[in-house]
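Colleague: Starting from the given sequences, assemble the full structure and let the hints guide the process.
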Amino acid sequence: MEHHPHHQHPPSHMQQQPQPPQSHMQQQPPHQQHQHGQLPHQPHQPHGPLHHQQPQGPHHTQLPHQHLPQPQQQPGQPPHQQIPQHHNQQVPVENARDQILKGGQANSVASGTEQHLQPSANKHPAGHHPPEHQRLSHEQFRAALQMVVSAGDPRDNLDNFVKIGEGSTGIVCIATEKPGGRQVAVKKMDLRKQQRRELLFNEVVIMRDYHHPNIVEMHDSFLVGDELWVVMEFLEGGALTDIVTHARMDEEQIATVCKQCLKALAFLHSQGVIHRDIKSDSILLASDGRVKLSDFGFCAQVSPDLPKRKSLVGTPYWMAPEVISRLPYGPEVDIWSLGIMVIEMVDGEPPFFNEPPLQAMRRIRDMPPPKLKNTHKVSPRLQGFLEKMLVRDPGQRATAFELLQHPFLRQAGPPSLLVPLMRSFRHSPC
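Using full-length UniProt numbering, the first residue of the sequence shown is number 1, and each one after it goes up by one.
In case anyone wonders, no lab produced these hints; they're calculated from the structure. This one's a predicted model, so the numbers in the text were calculated from it and none came from an experiment. Hints may be right or wrong, so weigh each one.
As the list claims (entries may be wrong) - Okay, derived cross-link-like pairs now, BS3-like style, lysine-lysine, Cα gap no bigger than 27 Å in a straight line:
no., residue 1, residue 2
1, Lys163, Lys178
2, Lys163, Lys259
3, Lys308, Lys263
4, Lys193, Lys371
Unchecked claim - Using C-beta positions, here's what the derived DEER-type ranges look like:
no., residue 1, residue 2, range
5, Glu177, Phe401, 32 to 40 Å
6, Ala151, Glu177, 36 to 44 Å
7, Gly395, Asn374, 23 to 31 Å
Just so you know, even glycine gets a beta-carbon here, dropped at the ideal spot from N, CA and C.
Modeller: As structure tokens, this is what we get:
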């Protein structure tokens, strides 16, 4: 979920079929809010697991119940696995970017049964949310979630709610704290309307347990009736999606965004956390240009005992080849997705964005790494930086730590370089 509706990205949750594009839920105006929370032992998103949603209007259509055709296996290459069917997934039939401008959101997809990170300490340790295969009743699930959130009603301390975004899991509002008048973002998710309700734990755990200057800060979380409310810092700058859609970024600005994103990823990866839904929708900006990573609903944890994941999770156009092929993968998938985000910043959208999600996934899985449309407009340093990320072999892909040392990032400047790119938005009643 994102706070602002920007250009629409395909479903972040890859469950068995790419979802319709959802708007980025950010803490900004027309954007939608991001999903934050626990790391799922099971794949989510886009954060992002594929959620099975019913079509919502003429811009969405269900994916056919069929597998992607299997490519010819090349000598020396790992075998391809079929892309699972995504039943009841909404897929945009119009340009996703337009869809987002209409309030939609790039949908993420999630498939498989990994375990998600869960609450900790007095609120349950990370990595232990109630498994859905136990088929908990609504009351049992609500009780389990109650153990990881705070008691009380946030409305006692918040008022002036204004809706600023909507996504596959709920809506995002801004609200005012009664004591001091500070504005905060509030993400509201109805427990009964979740396609994968266990992923709600991710909305709470990641931001609660992992703190970094380039990660959105969560203030608190509550259960209000049958809704999970996550209260977090409000980032007035909106989502990066709005910038890549409406503005042209120079290389200093691109380097500035990449450096801050890589700092967040280097931190998460050092903690064994894979984001799995990196894209412009998941990047929020503060009014002073600081960049923060959001949308943690599809995160996964790796460890010496479980070094790889295999779930189909993320947003189709940003997915790494190994994810689509259902091969074991690790933090390297975030680096590929960041490379696609660099293409967004240069070209305004990811590769294959005007193609249906499944077709785009086939291309990503079977073809050489995508290239910039406007290669002639970028420097050799930026091109070299991108080529370190978009490597089909995950073992040869640069790490976040390595990329932070790349010569291209020497062009990165202070966050204030990004301020001129931001736009103002109108808010509507929540």
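Colleague: Give a verdict on every hint.
Modeller: Tested hints:
Proposed proximity of Lys163 and Lys178 is supported: the alpha carbons are some 18 Å apart, at most 27 Å. For the proposed pair Lys163 and Lys259, the alpha carbon gap of about 31 Å is over 27 Å, so the pair is violated. Note on Lys308 and Lys263: the hinted pairing holds, with a Cα-Cα distance of about 22 Å set against a maximum of 27 Å. Between Lys193 and Lys371 the alpha-carbon distance is near 39 Å, which puts this suggested pair outside the 27 Å criterion.
Hint check: Glu177 to Phe401, Cβ distance near 38 Å, so the stated range 32 to 40 Å holds. Ala151 and Glu177 have their C-beta atoms about 18 Å apart, which leaves the hinted 36 to 44 Å range violated. About 30 Å separates the C-beta atoms of Gly395 and Asn374, a value consistent with the hinted range of 23 to 31 Å.
Going through the hint list in order, the structure does not satisfy hints 2, 4 and 6.
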